[in-house]
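Trainee: Each chain, letter by letter, is given below.
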Amino acid sequence: MTITRDAVREGIRAKVIELATRRGGHDISNLADDEILPATGLLDSAAILELVVWYESEYNLSLREEDINIDNLGSINSMIDFLMSHRSDRDRSS
Amino acid sequence: MPSAVRIPRVNNNDDSVKVVRLLVTPGNQVAAGDVVAEIETEKSVALVEAEQSGYVLAIACSPNDQVAVGSVMMWLGAAADEAVPDAPADPDVPGVTSFNEPTAKARALLQQHGLSVRDVPVSGRRLSVSDVEAYVALRHANRVQPSASDGTPPTGLAAGTARPFTVEERGMLRTITWHKEQATPAYVEVEYDPKPWQEYSAAYTAEHRLMLDPMLSLLAYRLVKLATDAPKINATVTGDRLYLYEHVNLGFTVQANEILYLVVVRDADLMNEADFISALGKLQRHAVGGKLRVQESQGATVALSSMARWDVSRHIPILSPYTSIMVAHTGPRQNGWAALGATYDHRVLTGFEVSQMLKKLSTPHPDAQAPTLGPK
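If you're matching them up, the sequences are chains A and B in order.
Letter by letter, the first sequence follows residues 1 to 94 of the numbering used here.
Letter by letter, the second sequence follows residues 1 to 376 of the numbering used here.
Hints should not be assumed to be uniformly reliable.
Once the Cα atoms are required to be at most 27 Å apart in a straight line, the calculated DSS-like pairs of lysine-lysine come out as [as the list claims (entries may be wrong)]:
1. B:K225 x B:K359
2. A:K15 x B:K291
3. B:K360 x A:K15
4. B:K195 x B:K360
5. B:K18 x B:K225
6. B:K359 x B:K291
Hint data in this document are derived by calculation from the structure and do not stem from the laboratory.
Build the full structure now, drawing on both the sequences and the hints.
Mentor: Structural data, given as structure tokens:
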């Protein structure tokens with residue numbers, strides 16, 4: 001199945017909004033795609049953990065522990081980049 | 001005489017369950033409480049435990065089978081060569097399922113009080129003496145009259161609906177029962193300056209480029225090291241003996257949606273700090289993703305629980321079975337100081353020993369001479 005960066009962006013943003021809303025009704029309409037999510041304070045550790053678990057499941061990824069770092073998953077943009085890179089590698093090897 | 005292990009009811013809406021895994025084979029010896037199978041419904045996964053010790057004589061189902069609640073899953077016998085009954089052993093009392101079948105002592109106590117099996121709520125898989133005693137005490141206090149033999153609810157209770165416990169609720173009940181009846185729980189607490197831990201955690205986060213604040217994981221690892229250095233912390237009581245665990249299995253509470261798990265990092269004393277944090281992170285993701293395996297939530301020897309996320313000023317946790325300490329972490333209070341408490345088994349540890357351990361735990365630096373304590 002083909003997925004686009006825009007579709008992934010919308011998906012991740014919607015999940016972040018859901019989690020931020022559930023944890024206290026934060027307004028994240030101004031959240032930039034390259035903002036470091038843990039540093040914004042919009043999501044607590046439990047919400048970030050839930051975001052990572054959702055991301056892995058939603059996009060059928062099998063994350064290694066060393067993948068879960070700020071460089072790969074720290075912002076909406078980095079999550080998109082990591083996913084696209086991962087899918088390209090997978091497509092090439094299949 | 002062989003006894004049947006029956007398929008338990010996991011929730012009200014499912015009259016059958018799917019067998020996911022069988023963890024024993026005929027000829028295996030099991031102890032009461034051992035997990036023998038994993039089953040699932042549309043909503044949850046549950047564990048089936050042996051109700052008594054014995055040998056597995058025969059298994060009446062296979063993985064992926066859809067089986068009716070109450071049907072025989074396997075037979076246990078006192079000897080490995082005992083004959084397997086031809087027909088399933090149906091409960092001999094109408095309305096009695098494997099959930100509320102009384103133990104022999106409970107049955108005697110029911111007769112003594114003139115009660116029916118259906119009068120008494122069950123806290124575990126079988127109706128126990130403590131269930132009967134609790135009901136009798138409640139009836140005495142509230143003047144609740146026993147139910148009629150047609151199964152109508154006891155009079156004197158406010159209106160309500162009875163439902164079976166979920167697997168998680170039943171697990172919590174067992175923990176509480178152990179805590180109440182077998183341990184001698186006590187609680188102490190120290191206040192401390194959280195800044196050293198916050199700074200240590202921030203530096204660790206930056207160095208390892210972490211997504212999640214590792215402070216609680218680092219705190220848990222410090223507890224592992226303290227339990228390694230002081231084996232009495234990593235112990236329990238068996239009979240009249242002190243039982244010292246060989247390795248430290250660190251239990252850590254994880255709240256996933258509305259379910260509270262105690263995930264367990266096994267042999268944590270053999271890990272370095274980074275490996276421990278990685279292992280604990282993996283278990284947390286399994287719990288949140290609903291993929292926690294049976295062995296990942298069993299066998300804790302020490303434990304840590306935090307309610308900092310819920311902004312409470314204090315919480316006094318219950319002891320997990322066969323642990324002598326559960327450390328309680330809360331976030332900084334209004335005065336900026338934080339608290340570390342511990343529920344401990346007073347049969348194993350003294351308040352002095354636990355308070356000394358908590359003072360060491362309040363700093364990330366093992367060589368610190370005098371941990372900073374809270375304001376007077």
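Trainee: All hints, please: hold or fail.
Mentor: Right, here's what the structure says about each hint:
1. The straight-line distance between the Cα atoms of B:K225 and B:K359 is roughly 14 Å, inside the 27 Å bound, and the hint therefore holds.
2. Proposed proximity of A:K15 and B:K291 is supported: the alpha carbons are some 20 Å apart, at most 27 Å.
3. Distance restraint check for B:K360 and A:K15: the Cα-Cα separation of roughly 40 Å exceeds the 27 Å cut-off, and the hinted pair is therefore not satisfied.
4. Distance restraint check for B:K195 and B:K360: the Cα-Cα separation of roughly 15 Å lies within the 27 Å cut-off, and the hinted pair is therefore satisfied.
5. Between the alpha carbons of B:K18 and B:K225 the distance comes to roughly 42 Å, so the proposed pair goes past 27 Å and is violated.
6. Straight-line distance between C-alpha atoms of B:K359 and B:K291 comes to about 36 Å, which puts the hinted pair past the 27 Å bound.
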